[in-house]
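Student: Could you put together the complete structure from these sequences and hints?
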Amino acid sequence: MSGKFYYAEIIGPGAAMFDADNDGDLDVYLVQGGSIDSQATSPAGPGGRLFRNDLVINPDGTRTLRFTDVTERSGIRSHGYGMGVAAGDFNNDGCVDLYLTNFGPNQLFRNNCDGTFTDVSRQSRTDDPSWSVSAAFVDYDRDGWLDLFVGNYLSWRAASSMPCFGPSGRPDYCSPNTYQPQPSRLYHNNHDGTFTDVTAAAGLAGDFGPALGVSTADFNGDGWIDIYVANDGQPNQLWINQRNGTFRNLGLLSGTALSAHGKAKAGMGVDAGDIDNDGDEDLFVTNLMGEGNDLYINSGSGLFEEQSARSGLGVASRAYTGFGAAWFDIDNDGRLDSLIVNGAVQTIEALRRVNDPLPLHQRKLLFRNLGPSAGSGQATRFEDVTARGGAVFQLSEVGRGAAFGDVDNDGDTDVLVANNNGKPRLLINNVGARNHWIGLRLAGGPGSIRFQADARPARAGRYGNSRDMLGARVEIILDNGMTLWRRARSDGSYASANDPRVLVGLGQSTRAPRVHVVWPDGSTEEWSSVAIDRYTTLTQGSGK
Amino acid sequence: MRRIAFALLVLAAACTSEPKAPPAVLPEVTLPDLSRTEKSVQEQIGASYQSLTSKANDAEAYGALGNLLLAAEYFDAAEPCYLHAQALAPDDPRWPYYLGHVYMSRAMPDKAIPSFERALQLRPGDVPALVWLGNLHLDQGQPDLAEPLYEQALSRQPGLVAALFGLGRAALAKRDYTRAVDRLEQALSADPRASIVHYPLALAYRGLGDTATAESHLRQRGSVEVGPPDPLMVALRDVLHSAAAEEERGERALNGGDFPTAVSHFRTAVELAPDNPSPRHKLGTALSLAGDTRGALEQFQETVRRSPGFAQAHYSLGVLLAQSGRLQEAVEHLSTAVRLDPEFAQAKYGYALALAQMKRYEEARTQLAEGAALFPARREFADALARLKEGRSQK
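As you go down the protein sequences, you meet chains Z and A in turn.
Taking my numbering as reference, the numbering of the first sequence is continuous, increasing by one, and the terminal residue is 544.
Taking my numbering as reference, the numbering of the second sequence is continuous, increasing by one, and the terminal residue is 939.
Take every hint as true, because none was put in to throw you off.
With a straight-line cut-off of 30 Å between C-alpha atoms, the simulated DSS-like cross-links for lysine-lysine are:
(1) Z/263 x A/655
(2) A/718 x Z/263
(3) A/655 x A/599
(4) A/933 x A/903
(5) Z/423 x Z/4
(6) A/583 x A/599
(7) A/583 x Z/4
(8) A/655 x A/718
Partial pick of chain Z residues on the chain A-facing surface, computed with a CB cut under 8 Å:
(9) 155
(10) 171
(11) 183
Hints were generated in silico from the structure; no laboratory data involved.
Here the structure is a predicted model, which means the values were calculated and not measured.
C-beta: ideal position from N, C-alpha, C; glycine also.
Tutor: Here is the structure:
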């Protein structure tokens, strides 16, 4: 922190969990900021770091986790002041590429499938110069190629940074209303390593706010992926896919733009998931201290009801400023729980009073899904289990990004927390192993229609040319008749990229469940029996 | 941290009936770190704090310090002040009422609720306390507890928008859409300016399946809040003597169209914090709206002199200079605004127009074309570009 209350320094960073080297485990990318100098033309910093996961599975099944910093040899040279990261295989070569959002031009790194990356920002035409925070790879037009949505925040420059003050005249960070929001961008994948900015053509240019969180999912159940954008201090947008390359913002009518009260909140992190196991995607948005987080329950048709009060998620979060968050089944009981990473954006006076050098830090929150409660009109209730979450939940830090994934491949979801002005934390899940699970890698893609941007021999990933089918939905039919819906995604949370594999808790069920997949192109397939307590790759075209 | 050398006060609980009496052992009154606050605020709070040494048993003195700290948003520090005031004057409803607000601001509903309940016990039927307490229950997912409080407020003050709004939201939370529509329509009838009501009303119509009416209300929705008439909280607005407080008062007057009052508040804010460009810029705006162009120009010029990186001030100055026919100077300031903030659409547009007024058409065209590409949602760039081309072809 500069002590000058530069706005950009409190917004990042994010983190990614993705398989950079196709060895079957999740590597880690940590976004970094640096220093902002009002005199310099661009911010300086050490740049983000890529860590290779050298996971060892011991003969007794225990795991030894070790990471090696491979940034230099990877060729990833990030510049600008890092904000966030998105991961997805944009060129269908079976290797996951990386998009870095910056305060400054963004960068796209193509994975060369040999442990190295090439900066293709300019040639791909995705080097958006705006201040971007969250981004998502999404195949919105069902052509089998991942397009890119980039959430842009505000127009702010260090050189023209304005001082902001609290009511007593003490200097503090400004509110987002001080600066102009910038339009987000939608880039269409041209299948040749380039993208076209289709923001205006897709109808997204006219309605925008200071975007911080992005989640893509089929919110209205029509089989086409929609885009949800959480804005800071302005109404959120729910861009419903019109199935013709355009979108329509139905945020207000859907009931997801504002709080139940009708106020725009400071939307930061966001995630979609079927928290009530009724087959549709519900939304969770983290907000500013005093506002409380929002839970939007989907009726199935893309109309939502805000149920943070009824669920217990709202009041419990009011004392915190939430950023990274996700739905994940922490205990593999078949219900999606939530972890929220917190950290203030304006000075917490109680910390300042005791001369805390970084008076923005807050604890994380952990909520367990209790399922429907008769006492709350059958609304899903959550229990605050932060106190039982372990020592790391007693740590108070300036949390921002959080990436969710099974980093030790033991069948439960771990969490990588990116802190502002502090060390990252890797939270290893110790409770998921108490129940059974299935792990699914949903693979597919054009495969043979490979793009070769240069003359070098094209390489393929571990799974050939198939890639993670982000946006694919999975129905898991348990032997007791219970049905769970999950989806493959790497977006959501805040400025971060998650494990694209689908991990489904089965509780005490030991029978191999039937699995039904709805692929992003709308086709469906079924696998009659998928082995439990292990990962299985389901490749499009190999089911029934 | 400075501390008052008082021994902890141990007071007998003054109130034996429910709800809970104040704590017997009171926390120390301490001051927050005021080192980075304005000098006027330091002096004001410091003097109030010092007065406690001679008024150790004076509830008003504690309450006054609490008020200053609450107004300055030092919520943690305000709490013990009000606790002391409450202990010294247990029959005074102000102190639990303010405590309720302190706890609400600190997101502590478990403490805010008993505080407002205590205030209501001391002043039964107090409308603001009823509404705030209702809001707290509603936020906790307890519409059944909120409704009787709003009803009671409504019985004491028929047509009270805040109570009708609360009742509408409570009905919406219970999915009683018909009742929600009824109450929220009543709220809007009582105060059509309360634009925040349109949103829950739209959702209520949506619940009834009337999407057309829902969309109509969504188009009218705004951010004008609905709160109860609240003399105690309004009084807090005027206790703090700081630039930021004066600036806020100026903004309220400006938004209300009272430009002379706005000018007065902004001027005071500038006197208190001459290096803060924000109130000076707003003073220029208020002067301009009040018709004092010369005064406005002086303030904008002083703002950019003191804060040359303030793009908004360059823009305001540029616009005013252009309106005054001083095009060359206008162009300079508008171009500076664009250079400082390339994503400042209004400045880019204003710059292009000023260039066109100076007959520097090619440069204007370049700016408009860049603007149209950079801000595709803003039609004015493409429209002006078309007009410019049309003008050239006619020539």
